[in-house]
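Peer 1: Sequence:
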Amino acid sequence: MPELPEVETIVRDLRGLVVGRRIDFVKVWLNKLVRTGPRRLAGFLLGAEIHGVRRRGKFIVFTLSGEKRLVVHLRMTGQFLWAAAPETRPKHVHLIIGFEEGGVLMYRDVRQFGYFLGLQPADYQAWLVSEDIGPDPFDLSPEDFRERLCSRRGRIKPLLLDQRFVSGLGNIYVDEALFAAGIHPLSPADRIREDEARRLFDEILSVLKEAIRLRGSTVRDYRGLTGVGGQFQSRHQVYGRTGEHCLVCGCALERLVVGGRSTHICPRCQPRR
DNA sequence: GTCGATGTTATCAA
DNA sequence: TTTGATAACATCGA
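Heads up, the first sequence is in the numbering used here, so the first residue is 9 and it goes up one at a time.
Don't read these hints as lab results, they were simulated from the structure.
Just so it is clear, the structure is predicted and the values come from calculations on it, not from any experiment.
Each hint should be verified, as a subset may be incorrect.
Each computed DSSO-like pair below joins lysine-lysine, with the alpha-carbon atoms no more than 27 angstroms apart [what the hints assert, rightly or not]:
#	residue 1	residue 2
1	99	40
2	35	99
3	35	76
4	76	40
Using the sequences provided together with the hints, build the complete structure.
Peer 2: See the structure below:
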């Protein structure tokens, strides 16, 4: 579910809620959620203070006292919910973190693909290496982007979805950025011209910035910490608009499958060359 | 009831 | 190196 703009929104909201709070209790109902061991997590977190929350690609990283880290990936349907006080556990809530100062952070995940890692400093460094997360689009220069692009074979869409190539993009924002740049998703990466690469890079950034400003896209499941959805879905040009008219040229939008993912294009604005 | 699809990604085979 | 299929899981809509 959540891509860079949704995760960024969640991280910003989390910061305001949990930074400076001390963990009072942890409850886990779905053991497989905690890959570093569900029984170890409570001991790991108890009494720790949250110093910061940041985003690494689509990962959420909580920094705790003692330089310990709590790493979370939301995968398709993971979401955090905030409650001022403990309440009846809502459906699909699999984990709860309670704070000494009050407040409860709940993790809900309908499809149960998301996961948690409790990592000591050395383990966190090892995890970063093993994960090999690519650069954040906002940390990349247009020149870097183009250089990385032309050194790769394969089609542009799967490449943009590859988190080692660039991190944070998912199915929605890749389709939106490719449309905005007028590039067909099957285009070979190493055959994209310099000016096209520059355009694509600019469109990726502007799509992401606008999506962050509107607190992400709510297509079905995504909700922020307060349960409120994002607004960017109303600005989608192609994603989920199969058969509707292109807002630029008016012709019918099409759906195809690329790399096993639903892909949305305007056949006229994104000609295959 | 059945089928196909869903914003992610790891893994395995070719 | 790249690709396609499959799997993890629950839910929704046709």
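Peer 1: Hint by hint, note whether the structure agrees.
Peer 2: Okay, the hints, checked on the actual structure:
no. : hint     : in the structure
1   : 99 to 40 : holds (17 angstroms)
2   : 35 to 99 : holds (15 angstroms)
3   : 35 to 76 : holds (19 angstroms)
4   : 76 to 40 : holds (21 angstroms)
Taken one by one, the earlier hints all hold for this structure without exception.
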